[in-house]
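J.: Protein sequence lines correspond, in order, to chains C and E.
Take the first sequence: its position 274, counting from 1, is numbered 286 in this note's numbering, and each next residue is one higher.
Take the second sequence: its position 97, counting from 1, is numbered 109 in this note's numbering, and each next residue is one higher.
Keep in mind the hints are simulated off the structure, nothing from the lab.
Glycine is no exception: its CB is placed at the ideal position from the N, C-alpha and C atoms.
Mixed in with the good hints, there may be bad ones.
Unchecked claim - With a straight-line Cα cutoff of 30 Å, these simulated BS3-like cross-link-like pairs (lysine-lysine) come out: (1) K137/E to K130/C; (2) K130/E to K142/E; (3) K251/E to K371/C; (4) K48/E to K368/E; (5) K303/C to K142/C; (6) K251/E to K443/C; (7) K246/C to K443/C; (8) K251/C to K368/E; (9) K368/C to K368/E; (10) K246/C to K368/E; (11) K251/C to K303/C; (12) K443/C to K137/E; (13) K368/E to K130/C; (14) K38/C to K251/C; (15) K368/C to K371/E; (16) K371/C to K371/E; (17) K443/E to K368/C; (18) K251/E to K368/C.
Said to hold, decoys possible - Here are a few chain C residues that face chain E, going by a calculated C-beta distance under 10 Å: (19) R90; (20) N254; (21) C382; (22) S414; (23) S425.
As the list claims (entries may be wrong) - Not the full set, but computed from the structure, chain C residues with beta-carbon under 10 Å of chain E: (24) A136; (25) G140; (26) I258; (27) M299; (28) R355; (29) H358; (30) S363; (31) T388; (32) D394; (33) F404; (34) S434.
Number of protein chains: 2
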Amino acid sequence: MPVYVAKCVGTEQKLGFIIMSIGTYKEIEGGVTVAKGYVANALACGIKKPTATRLDLALVYSTLPTTSSGTFTTNRVRAACVRVSQNHLRRGNVRAVVANSGNANACTGADGVAVARKECSIVAKELGLKPSEVAVCSTGVIGLPMPMVRIEPRLPELCQNLSAEKGHDVASAIITSDTREKEVAVEVEINGQIVRIGSCCKGAGMIAPCMATMICLVCTDAAVKREDLDNIVKDGVSKTFNRITIDGDMSTNDTCLVMANGASGVELAPGTPGWETFVEALHYVLMEQAKRIVQDGERVTKFVTVQVEGAPSAAEAKRVAEGVAKSALVKSSWNGGDPNWGRIIHAVGYSGMRVKEEKVDIDIAGLPACRGGVQTDTPSDDLRERVQAREFVVRINLNLGSHEYVVYTTDLSPEYVDFNRSEYAYWNQAKQDGLTR
Amino acid sequence: MPVYVAKCVGTEQKLGFIIMSIGTYKEIEGGVTVAKGYVANALACGIKKPTATRLDLALVYSTLPTTSSGTFTTNRVRAACVRVSQNHLRRGNVRAVVANSGNANACTGADGVAVARKECSIVAKELGLKPSEVAVCSTGVIGLPMPMVRIEPRLPELCQNLSAEKGHDVASAIITSDTREKEVAVEVEINGQIVRIGSCCKGAGMIAPCMATMICLVCTDAAVKREDLDNIVKDGVSKTFNRITIDGDMSTNDTCLVMANGASGVELAPGTPGWETFVEALHYVLMEQAKRIVQDGERVTKFVTVQVEGAPSAAEAKRVAEGVAKSALVKSSWNGGDPNWGRIIHAVGYSGMRVKEEKVDIDIAGLPACRGGVQTDTPSDDLRERVQAREFVVRINLNLGSHEYVVYTTDLSPEYVDFNRSEYAYWNQAKQDGLTR
């Protein structure tokens with residue numbers, strides 16, 4: 013059932029914008045092929061192991077030229093697919109994305125880069141593109157060479173029978189052990205014209221026995237200049253995907269790719285009618301996907317919003333929020349439904365940022381838990397009851413300034429640790445494949 | 013059985029030192045009262061809960077004036093006892109330490125500071141000291157007021173019947189759920205004269221359902237100037253306690269206190285015979301205690317030494333080592349006996365330090381696991397067999413410089429998370445005590 017999120021940006025802007033920025037957007041069903049001019053396909057290649065039957069190799073292709081933008085992990089250890097995709101985006105725009113699960117093609121050296129390039133060149137040949145017009149994403153275990161013996165022969169087939177009906181298959185092919193596919197799409201109406209943005213996503217550390225890998229593919233039929241697209245994607249990602257953490261481990265493969273092919277006939281740029289609405293709609297897609305990554309962890313039981321306010325600078329607000337969201341003891345307490353503000357304030361204190369203990373206020377799920385660094389009158393039973401809920405907000409006011417930051421995160425459960433104890437099965441399979449000793 | 017660790021510093025120094033620095037040291041039995049002129053006592057006060065029978069309040073007292081030094085948590089949220097002890101050490105030297113378990117007296121506001129001061133002034137009165145000559149340490153849950161109703165009436169009794177036989181009782185009184193007391197002592201021989209250094213310690217995050225709190229008390233009968241003592245304690249702690257991490261959470265209460273009372277008649281200073289040996293012996297005590305903290309976690313199954321080499325700077329070596337030692341996914345893999353070098357290199361990569369993936373070498377338990385950022389020929393079964401051991405070394409060479417750093421750490425187990433899920437019992441008791449709502 014579509015969720016209608018009608019919003020008139022114009023009424024919330026300054027007078028100068030009311031005439032300029034008009035439009036509404038609403039969430040709709042669908043994924044990467046919901047916008048005009050995008051087709052897709054997916055296959056089951058047995059990448060993780062030959063007997064696997066699930067979809068694990070996918071292609072998304074724009075029938076029209078695009079502008080495109082991407083953001084990638086800042087881990088200095090970057091997967092081969094990330095290196096190749098970054099290189100292609102520096103040289104121009106991409107019109108196709110080939111993605112796989114089952115292997116991250118990371119820490120695979122020059123061979124891994126050659127494999128990633130080969131995927132792109134085979135796909136390019138099939139689609140009549142230049143290799144640099146193809147991006148490549150992989151997700152799975154790090155350090156094992158890709159089983160090209162099971163991938164390469166299928167690439168031509170992947171590029172045939174492309175269809176706008178197969179967006180969901182792409183979403184299926186890229187997930188590892190997410191509990192469900194993650195598709196988010198919106199329809200934007202501007203002056204009677206329609207623009208759509210569709211996406212699929214997979215992530216994160218919690219739910220894969222592999223790495224913490226986030227991949228998000230976004231396809232829109234708006235026409236947006238490359239420079240403008242780069243700006244809003246960078247900004248959007250910084251406010252969404254970069255504000256989630258599950259276990260604090262940043263993948264070698266994190267990738268967000270956005271393509272805009274103009275198939276809607278609607279040209280958008282800063283200053284044109286509907287631009288603000290489009291940016292908001294894109295932000296909505298990214299934010300929704302980011303939240304789903306956090307919420308969908310199989311071994312996760314809580315979705316916690318950590319809100320820091322009153323920080324002396326933006327950077328400090330961020331560091332404090334991240335410190336709290338990554339503290340093993342804080343997250344363990346959330347798992348236990350224990351509203352332990354003492355652990356929260358201790359994590360605030362070791363963030364290394366300017367903090368005055370006697371000024372710190374903490375609310376948990378809307379109730380005051382700490383004022384001026386000490387306990388409040390709130391009955392601990394009331395606090396405890398609130399944190400039995402799956403979702404709640406932790407608000408931390410440093411009372412030292414006006415800067416804010418928000419991080420979305422989870423608890424830490426014994427099951428997470430148990431789930432991540434061993435990737436023995438992967439290495440065993442890789443030995444059988446002759447890819448490792 | 014004493015462990016004899018004979019070492020002649022002279023032979024390892026440059027020629028100029030051979031004549032100057034002579035002496036040997038060996039490990040001996042005992043704790044804080046093993047050196048001359050130190051006496052102690054401990055009581056069971058039911059601090060955690062009235063019915064508790066274990067020792068939980070302790071006193072160590074030097075019958076002679078001392079020079080003393082202390083290092084404390086750098087968490088900007090500091091327990092009341094830390095604030096008071098720091099203040100007293102700034103004003104002069106301390107001759108007595110009153111310590112308790114069962115409550116951290118942290119995030120307790122002005123009342124907490126008043127409580128800490130009161131402990132010091134009552135003890136001072138009993139012993140004929142100035143209040144500023146008394147230091148105070150607490151360990152336990154954060155945020156709950158100290159149950160002074162059970163502590164204050166016992167302080168006079170604590171200061172009576174002091175004895176050199178009760179060092180072990182102090183070690184017992186400060187532990188929370190450490191599996192055993194931690195006492196380390198050494199005897200140093202310099203030119204036929206004897207100096208002893210005794211210590212007890214408790215820690216760390218893993219083993220307490222409370223905070224990650226490390227407390228170490230060190231008592232020596234050497235005569236050392238305050239300035240010299242400050243220097244070697246600061247340096248010693250930076251190379252030992254500051255290089256351990258269990259769960260990455262820095263306590264609000266971490267404290268290392270060292271007293272030197274000269275009762276041996278041996279005066280030591282930089283340049284005097286035996287100085288180097290004394291410094292090494294002190295370092296040995298601190299290092300042993302730091303290792304025991306890491307090894308003794310009840311829910312810990314591994315003791316891992318993370319060695320970073322070849323870093324472009326000292327600060328970067330430190331950050332890379334700490335990043336690896338704190339990664340949830342890396343630590344989980346250790347728990348599973350999984351030699352997952354891919355996760356290790358990913359943590360190296362997100363440390364934010366200068367790293368060139370293609371130069372990174374990783375050895376696990378002495379076997380090459382990664383060379384130049386990719387897998388080696390080492391059979392994965394061999395690697396796996398090595399990490400079944402309880403202790404092993406992970407060596408990471410960045411091959412970008414010559415700086416090194418070492419961190420001692422543990423695995424992350426499901427049991428750790430389970431153990432730290434809830435401090436409900438503490439809060440319930442505090443409610444009964446009328447100390448919280």
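J.: Compare the structure with the hints numbered earlier in the document and write down the numbers of the violated ones, lowest to highest.
T.: Violated: hints 1, 3, 4, 5, 6, 7, 9, 12, 15, 16, 20, 22, 24, 25, 27, 33.
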